[in-house]
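Asker: Given the coordinates of chain Y, assemble chain U onto it according to the supplied hints.
Going line by line, the protein sequences match chains Y and U. Sequential numbering from 1 applies to the first sequence in this note's numbering. Sequential numbering from 1 applies to the second sequence in this note's numbering.
These are calculated hints, taken from the structure and not from any lab test. Quick caveat: nothing in here was measured; it's all calculated off a predicted structure. A portion of the hints provided could be inaccurate.
[Stated by the list, open to error] Some chain Y residues judged to face chain U by a derived CB distance under 10 Å, without partners named:
no.	residue
1	Lys-38
2	Ser-49
3	Val-100
4	Phe-102
5	Gly-103
The C-beta atom is built at its ideal place from N, Cα and C for all residues, glycine as well.
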Amino acid sequence: DQQVKQNSPSLSVQEGRISILNCDYTNSMFDYFLWYKKYPAEGPTFLISISSIKDKNEDGRFTVFLNKSAKHLSLHIVPSQPGDSAVYFCAASGTSYDKVIFGPGTSLSVIP
Amino acid sequence: EPEVTQTPSHQVTQMGQEVILRCVPISNHLYFYWYRQILGQKVEFLVSFYNNEISEKSEIFDDQFSVERPDGSNFTLKIRSTKLEDSAMYFCASRITGGAFYGYTFGSGTRLTVV
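Chain Y on its own, in the form it takes in the complex (with noise of 0.2 Å):
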């Protein structure tokens, strides 16, 4: 059941670039989308989540975009940098119910 979807499993970024991380979702049932990052052997941390009656949510270097009528998202890193490499976790929740629901996350690599 691939509510949340990340097709790429992995994406290079040169230091400095900007990194375009793309979720798809089936449900539109969602009301909030959010995306985790994670290091190995950490637990995911909460980076940024938006609203479905938003289309875009800034918060310093992050971006993300919701664009309804496709049932896609994405969070733009600007500008990247080598910290920011690991793996980046979309999620979606909704009012009805409590869960947040993740994708198979994007493994992100930030090339100094």
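Answerer: For chain U alone, kept in the frame of chain Y given last:
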């Protein structure tokens, strides 16, 4: 910065044995969760807990699993009779408010290996 603390960091157990995974959520948080990640797979929801009762559970969370908040600070996950397929990273999480928008704080996880 407040943390969610999980112990032990790694547990090895024989198939069929009971294990208890322990978590200390952030002290003023009210909502508690267990997730797991089997190696190479995605993070999966197990159970949510609020006001001393389970608020939601997944199909994975069958009768072999139970959760408890025994003393107002610890939050435990018990697996009664472990199976090989229970081998995974188990993450505890907590948050202060309801609503997924604000994200959880996750612990660093317990790696459970069933042999």
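Asker: Each hint needs a verdict: does it hold in this structure or not?
Answerer: Against the structure, the hints:
| no. | hint | verdict |
| --- | --- | --- |
| 1 | Lys-38 | 8 Å, holds |
| 2 | Ser-49 | 5 Å, holds |
| 3 | Val-100 | 6 Å, holds |
| 4 | Phe-102 | 4 Å, holds |
| 5 | Gly-103 | 6 Å, holds |
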